[in-house]
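First to last, the protein sequences are chains E and C.
Heads up: the first sequence begins at 2 in the working numbering, then just goes up one per residue.
Heads up: the second sequence begins at 2 in the working numbering, then just goes up one per residue.
Since the hints were derived computationally from the structure, they do not count as laboratory data.
Please note that the accuracy of each hint is not assured.
For the chain E half of the interface with chain C, some residues (derived, Cβ under 10 Å), not all of them [as the list claims (entries may be wrong)]:
{"id": "1", "residue": "Val132"}
{"id": "2", "residue": "Trp186"}
{"id": "3", "residue": "Ser227"}
{"id": "4", "residue": "Asp255"}
{"id": "5", "residue": "Phe272"}
If you want the ones that stay clear, here's a sample from chain E, every Cβ over 12 Å from chain C, calculated [stated by the list, open to error]:
{"id": "6", "residue": "Asp34"}
{"id": "7", "residue": "Asp89"}
{"id": "8", "residue": "Cys164"}
{"id": "9", "residue": "Gln244"}
{"id": "10", "residue": "Glu278"}
{"id": "11", "residue": "Gly280"}
{"id": "12", "residue": "His281"}
Backbone N, C-alpha and C define an ideal beta-carbon position, used for all residues, glycine too.
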Amino acid sequence: MSAGMAGAVASVVVVTHNEGAMLKATVDSFLQDTGEPLDLVVVDDASTDGSTAFLNDADYSAIRLCRLEESVGISAARNTGGRMAATDHVVFSDAHVRVHPGWLEPILESLADPAVGEVGPCVGSLGGNAVPGYGFTWKEPSLKMAWLPNPEGTADVPFLCGCFVAMRKAVFDETGGFDEGMYRWGFEDSEISLRLWLRGYRVQVAPHARIDHRFRPHFPYQVDWSGVIYNGLRLGVVHLHPQGLEVLIRHYADRPAFSRAWARLIDSDTFDRRASETGHRREGAESFLDRMGIDALR
Amino acid sequence: MPSGEPPVDGVVVVGMHRSGTSVATRLINLLGLHLCPGDDLVPLSAANPTGHWESQTLVDLNDRLLASIGRSWWCPPRSDQPAADGDPDHARALFARAHAERPWVWKDPRLAATLPFWTATLQQRVVAVVPLRHPLDVARSLYERNAFPVALGVALWERYMRLALRSLRGMAVHVDHYDALVDDPVAWLARVGAFLQAHGIVSAPDAGVEFVQPALRHHRSVTELEGTFPATAAVYRAVVSLTGVHDPFEPPPLPPESPWVEAEITAYASTRTAPLPRPLEPQVSVVADPGWAQPLPPFCQRVDRDRMGEASGATLVFARPRTRIPGEWWAAMRGALAGGFDAVGPGVRLAGGAAGYGLVWRDHWLNQTWLPRPPGAGPQAALFLPEACFAVTRRAFDAVGGFDPGLGAGGTDVTELCLRLWRAGYRCAVTPDVVVDDDGPRELPADDDGWAAYLEAVLRMASIHLDVDDLSCVVEGVRRRPPVPGAAVRLLQGDVAERRRRYLSEEWAPTAAVLERFGVSIDPMREERRLLAGGGEPRMVFVGGPHFSGADIVARLLASDPLASGFSHSAAMYNEGQHLQDVYPPANRFGGPGRFALDPGAHLTETSELVSAEAARRLFGQWSSRWDLSRPVLIEQSPPNIVRTRFLQAMFAGASFVMVKRHPLATALETTTDPDAVLTALDNWFAAWRTFEADRGALARCLVVVVEDVDAAPERVVEGLQEFTGLRHLEASGVADPARPARTLARWDEWCGATPASYLDHLVRRFGAETAAHGYDLLRPADGPVQPAASMARVAVPAMS
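Just chain E, with the same shape it has in the complex (with noise of 0.2 Å):
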């Protein structure tokens, strides 16, 4: 197995923590199953199970390692690959999940639109039998994803999963890419995909592109609950109109755990984070909602 920059058209960032063979499996799989050179970089958020000691093999000498001393969480450890990338369009992966031959054509194809800043794949169930999603969108206040079915035909999106996603380069370094005022983990994905429509891009799911993706029962990673409320009231903070935050507000204020997320709100950079995005904005929240059909937040 080989593989290299040179003449590569994309860049892969796959960020893993405590993923154990999994890891190699989904280097593997990019290696294998993709018809053109990649970039690849391997970010490793401070893992402690030894999985990345293979990337020191010859077969994978191409691959870079980004090896983090401590843990920044998923939005940062994927921002730090994302700089890294050396060629004009970056993918994001989970470091479990399964290319399907043909995966990057389709998103090339669909990235070449400048309109569009963030294509995605049809994300399949790894090891289970979920049926597949193309995208998603918000139909609880909870802002849980709930799957799209299959468009047939490359289509906008409301929101990507972010197992898999890809921007061309200069759309990344524009935005800046994903949050890293968010915690370890949660709504990171919807909050990028909201973003860049609200900046005026579309966010696409490219059908023809396949990944399968482990849906794990359990988090690997200690994961604060609080955390992730913290990270769906930034993203209402920062993105969503009054109404919308208020249901947003209303769902969560019932757990236990909102108490110290909105402590955790109080005391951050979000609101610098709103000022800097208003002055972004090409499209009010609402509007968006509205026009993806998206009810949840009313």
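Position chain C relative to chain E; hints supplied.
This is chain C only, laid out in the frame that chain E set:
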């Protein structure tokens, strides 16, 4: 004067009226020190034919300073009253006009009371000359000039001298007797000249001393005082002994002032009808609602609340519509402000109730409670001032930015202002000697909108000022109130975060430090939280017991404590943690309910190959999203924990275990009614408990709870759990199920009726003795333990340390 120090800027002549201060001032003037401009000198009078040599402007101002505390030159303040106070900028400006040239000499007997204000205001290097005169000479002079009774004159002398001695503390002072001055003015002048030269003023007499006329010594008495005014005589003796130079001056010890002094002074003052001098500009602006009407002292400016920008006083007073401010508060308030406080309020007597003296937060809803009268007299530091009426210096008010316009409901604007003052280093006080009546009801919200506004105000205050822990606590208290989401949105879209950050960047004191000073704790469980979280790591409590023993009931009870967190609303059956992880095999791998303990493989200990730090991190991670990790005690329950105690202890050092026991046959019958399966379930029950008992010696902390006790004596169970876990706020209501024994009995009756007696005998022969060892009777499943042998009370309970 130590060499190298610059000369002093001026000399104050301090003493009682009619003590020779005027002639002393003129003599010092003749040494070359400057008086005020001639057109500002108090005109000559018959009582002082050689001149007063004092500035009319500064006399007026000193009169106003005395008036600010309700006093006057003929009614000087008590020594325990707060010092007179005024607008320093205004005073400096007037003084600069009166004494533009240095070195200056300034005389005014009122300085005995007002000198501390001037010392602080002028910030100049000043020395003092004190002419001393016999009290009876002074009194008789006052009698002649002002028709004052002699006793009043003596009282005034004593009051003035006590004030002067206190005011002169720390200064360079020359004390000389008036008699010595008139007897030999040249010698007096030489002594004073030497004193001034020692402080850098080179004297240059340019005129004679002929104007000093012995005839002006109206009276000279020596012995009369002792018999009539012995206390004043003692003061006089002490003052006479001070003759000479003192640098720095230290007041001599004096006997306490006799009550007759104040009585004499106030009795005379009550007969005076002369108005207090009207200030040149308002010193106090009273800000109140338009309907507020109350006579105000002449130094006050009345401003409607909606036109606050017009308030120009150096002190702002805010009053609620129905608050009546008594006259004495003005003096007390001004005194407190002059005494080092920046905001002050009176005691408040609510309609029909006792008086309160300042307020503090009493709980995490930020409700306030009145404080009792503090010990002692004079102003006392207070965290929050009453909205009914309080005063604040313009300087402090402006420095912290005034009221937060986003507040107001329920007096929250006053509370928040006080908190901001404290954080910024200003000080608030109550003056307990004055109590105002607040005959209006406290303005609690009257309707839903009012409550919504109040909740929003609470959330706003907390979000701006409290640290993350205290803020979480406040939010926890209000988060489920219907108005909160709407209020939260308004706050998030406003300036809350900006204010919070600004106050942090001002490097003000943390709110926690301010609250600690007043012993206020927002989080009622802060100390318990601190103790429980002592190690930094959460405390894990694992609950287990054979299926249907009631482990889930006990786990819910533990998780009801605000300092604990358990699983809820998970997809797992009974929220059992075994189904929310993939680190160790759940019970169903070993046959599930009624069977798992019979499989030796289900028994996990510290020797299991599954034990590792990585596995522990992974297991905790998988459970972590189900807990509120801000709580120090984390609860997990799964039936097979009873055979995994040592394993879990190896994974999570310091873990505690609560095993739940229920009658074996009642448990078995919840599992199955098939006779063979019942027998297996009983086998499983005993195997599980035998395994636990065998492992128990290796456990650091464990407790056995009998579920029948939960129904029969829930308070005892709660007490035991509280003692074991340190969780003091278990919500016991609803945990007992009085109908449970009857249901168990019905199931038992039904099953017994359908089961051959021989089979029952077989069960008794097989399990009866072991059942009894657990304190149960196998054939009496619904009654619970036949003796308290199995109950928690006799189980050793090592407390969580």
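For each hint, the structure was consulted:
Below 10 Å, beta-carbon pairs count as interface contacts, and E:Val132 has none with chain C, the closest being about 19 Å; its hint is therefore violated. Because the beta carbon of E:Trp186 sits about 9 Å from the nearest beta carbon in chain C, less than 10 Å, this interface hint is met. The beta carbon of E:Ser227 is positioned within 10 Å of a beta carbon in chain C (closest approach about 6 Å), and the interface hint is therefore held. The closest approach between the C-beta of E:Asp255 and any C-beta of chain C is roughly 7 Å, which is under the 10 Å cut-off, so the hint is satisfied.
Interface hint status for E:Phe272: upheld, as the beta-carbon distance to the closest one in chain C is roughly 4 Å, under 10 Å. Distance check on E:Asp34: its Cβ is at least 27 Å (rounded) from any Cβ of chain C, clearing the 12 Å threshold; non-interface status holds. E:Asp89, annotated as away from the interface, keeps every beta carbon of chain C farther than 12 Å; the closest lies near 37 Å. With 12 Å as the threshold on Cβ separation, the claim that E:Cys164 sits away from chain C holds: the shortest Cβ distance comes to roughly 17 Å.
E:Gln244, annotated as away from the interface, has a beta carbon of chain C within 12 Å; the closest lies near 8 Å. The non-interface label for E:Glu278 is consistent with chain C: the shortest C-beta to C-beta separation is roughly 14 Å, beyond 12 Å. The non-interface label for E:Gly280 is consistent with chain C: the shortest C-beta to C-beta separation is roughly 17 Å, beyond 12 Å. Remark: the non-interface label on E:His281 is consistent with the geometry, its nearest Cβ contact in chain C lying 18 Å away (cut-off 12 Å).
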